[in-house]
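> This is what each chain is made of:
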Amino acid sequence: MTLSTRIFARRPDFGAIIGVALLFVVFSLIDFSGWWSGRTLGNILQFTAILGCIAIGQAIVIMVKEIDLSVGSVYGLTGIAYITLEADLGIPGAMLAAMTIAGSIGFLQAMAVIKGKIPSMIVTLGGLFAARGLIYVWTGGSVRTMPADSRAHWLNQLFGGELFGIDAAILWLALLIVLLSLVVWRTKFGNRLLATGGDENTALSQGIRTDRVKTVAFVLCSLLAGFAAILTLADDPRTHVTLGDLMELEAIAAAVIGGCLLTGGRGSLLGAVLGAFIITSVRYQMISLGAPASWYITFVGLVVIAALIFNQFLARWATKQA
Amino acid sequence: MSVAAIKKSPLIEVRNLNLHFGAFHALKNVSVSFEAGQLIGLVGDNGAGKTTLIKVLSGIHKPNSGEVYFDGEKVREFHPKLAIKFGIETLQQSVGLCDNLSIARNFYLGREPIKRWFGIPFLDFKKMREASTKVIRTFGLRDNVSADDLVEMLSGGERQSIKIGRAVEFKNRVVIMDEPTNHLSVREREHVNELAQQMRDQGLLVIYITHDIHQVHKLADRIVIMENGEKVTDVAKHEMTADELEEVIRCGGRVVEKASEVAPS
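If you read the protein sequences in the order shown, they are chains A and B. Throughout the first sequence, residue numbering follows UniProt numbering, covering 1 to 322 in sequence. Throughout the second sequence, residue numbering follows UniProt numbering, covering 1 to 265 in sequence.
Worth flagging that the hints you see were computed from the coordinates, not collected in a lab. Incorrect hints may have been included.
Dumping the calculated BS3-like pairs for lysine-lysine here, alpha-carbon to alpha-carbon at most 27 Å [what the hints assert, rightly or not]:
hint	chain 1	residue 1	chain 2	residue 2
1	B	K115	B	K171
2	B	K134	A	K188
3	B	K62	A	K65
Sequences and hints are given; from them, build the entire structure.
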C-alpha cells in the first residue's frame, strides 16, 4: 500500500466515506430508478444538510470531550422563535433574535459546565427538557406558519430558496464544512480545541484557556442547531411542538458514525455530515421501499452500532498496514 | 556568570506559602528563593509537597496565603498562562504532550506560529515542522520518526526529549523538571541529566524534582529537601554529602511520624 493510501485510511472519517459509497451501490442495486431520481436524492440532500449542520456542531463539542444533548430542543425553540417573532420583528429581526436565543442557550450551558463543574451530559439534558418546555409554554401546543409575502423576503429566500436549482441549505452546509474544517485543522484556535479535547491537563499546562475553548464550542454548537432550524423553516415554514424531537440523538449518531470519538480530540466534520447522509438516506429509502416508518429508529440504532464496529475494524486494519 | 548577576533579586522568591486541600495542609509556611543559573535539586518522599510547590509556581494551584515573586515582582493572579509568559516551563510526569496531535502541533501548543493568507491567520505548518524536526534529530529520536507523527507513537524517553527540546527552544528562564527520568532507559536518563546541566550552563534556573538524592546530588548546585509540606533542609551541594542528605530524608519523615503518633494518646 502506498503512503498516501495509508494516510487516507487513517482518516477518522474513512469508515463513513466507505459507508456512503456502499449505500450508493446497495441502493442503486435495489432501487435504481427510485434512488437516482432527482426528487429522491434532492430530498435526501436537503434533510442531510439540516441534520448535517447540527451534526457538525455536535462533532465540535464531542471533539472537546463534552456532549450536547440539547441540540434537538434548541433547534425546535429557534425555529418556533423565528416563525413567531417574524410577525412583530420582520424577517431580519426575527432571524437575529432567534439566533441570539440559540447562542444564549449554548452560553448558559457552557457556564453551567465550566463554572458549575457539572458534567455536560447532565447540563444539556436539563437544557433539552427546559427548551422543549419553553416551546410548549410559548406555542400552547399550536401549529404556526408564516405568511406568503414574508416567505418571499430576500433574506428568507437566501436560506430557504434555491440557487442554480440546488437547495440553499445544501450550499450553506457545503460552505460551513469548508469554513469550519479550516478553523478546526488549520488555525490556532483549532489546534487548541483539539488539544483541549485530547488532553485537557496538557492544554492547561501549556497556557491554553480551556474554559474559553469549551465555551466557544458550546455556543457554536447551539448556533449551528439554531441555523439548521432557520434553514428548515425558511424552506417550509410550518412548526409544531415536536419540531426537532430526537434530533439530538440523530446528530450524535451522525457524528459518531463519522468517526468522532467520545474520548475527545479526534473526529471529522465532513465525517459527521456523511454520517447524517447515511442516517437520512437509510430512513428515506426504508420508507420509500415500504418498510413501516416506525422501524426507522430501531434501524438507526443498528446502523450506529454497525458503524462503530466497522470504524474500529478499519482503524485496526490501517495501523496494521503501517 | 558575573557576581553582579548573582547578587540581584532572586528570579523566584516564595514567602510563607500555605496551601490547604480541604483539611489537608499541603504546604506549611514554605519560604524559599531560587536564582538564575542554578540547578536546584528538590527532594523529598511522596506527599512531601514538592509537586504541590511547583504547581503553585507554574500557576496551577493558588496558595491560601503567602506571596510569590517573579523577578522581584509580586504574582497577583495564578494561571499557567501567566507563568508561561514569565518564562516558566514545567515538565510534568504525565502531562505536556497531547497523544492525539502530531509532534509539530504539540511543539508549539499554546504559542502557535501564524502565517497570513489573504489576511486570515492560519497555522504556519512549515515553521512548526522545521523546529520540531530539528529537535527530533538533535535529540536522537528514532530515524523514522517525523514531525507529522502522532505523539502516541513515541516512547517515554522520546516524549521527555520533545518536552525538554521545547523548553530550550523557547528560551525560557526557568525550567521545572518533575521526575524527568521516571520510566526512562539508562541511556535516556543520562541524556536528560546532561540536558538539565546544559540548560543551567546557559543561565537558566533549573528546578529538578526527584526521589533519588544520589542522582541529583551529582547534578545540582543546591539541594532543597521537603517533608510533610515543610522545607526541612536547604544547602549548597558542597555542604553535605548525598549520604548525609539521605539520612535527613529518612529521619525527617520518621521523627514527624512518631510525634504525630504520640500526640493523640
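> Of the hints given before, which are not true for this structure?
Hints that this structure does not satisfy do not exist here, as all of them hold.
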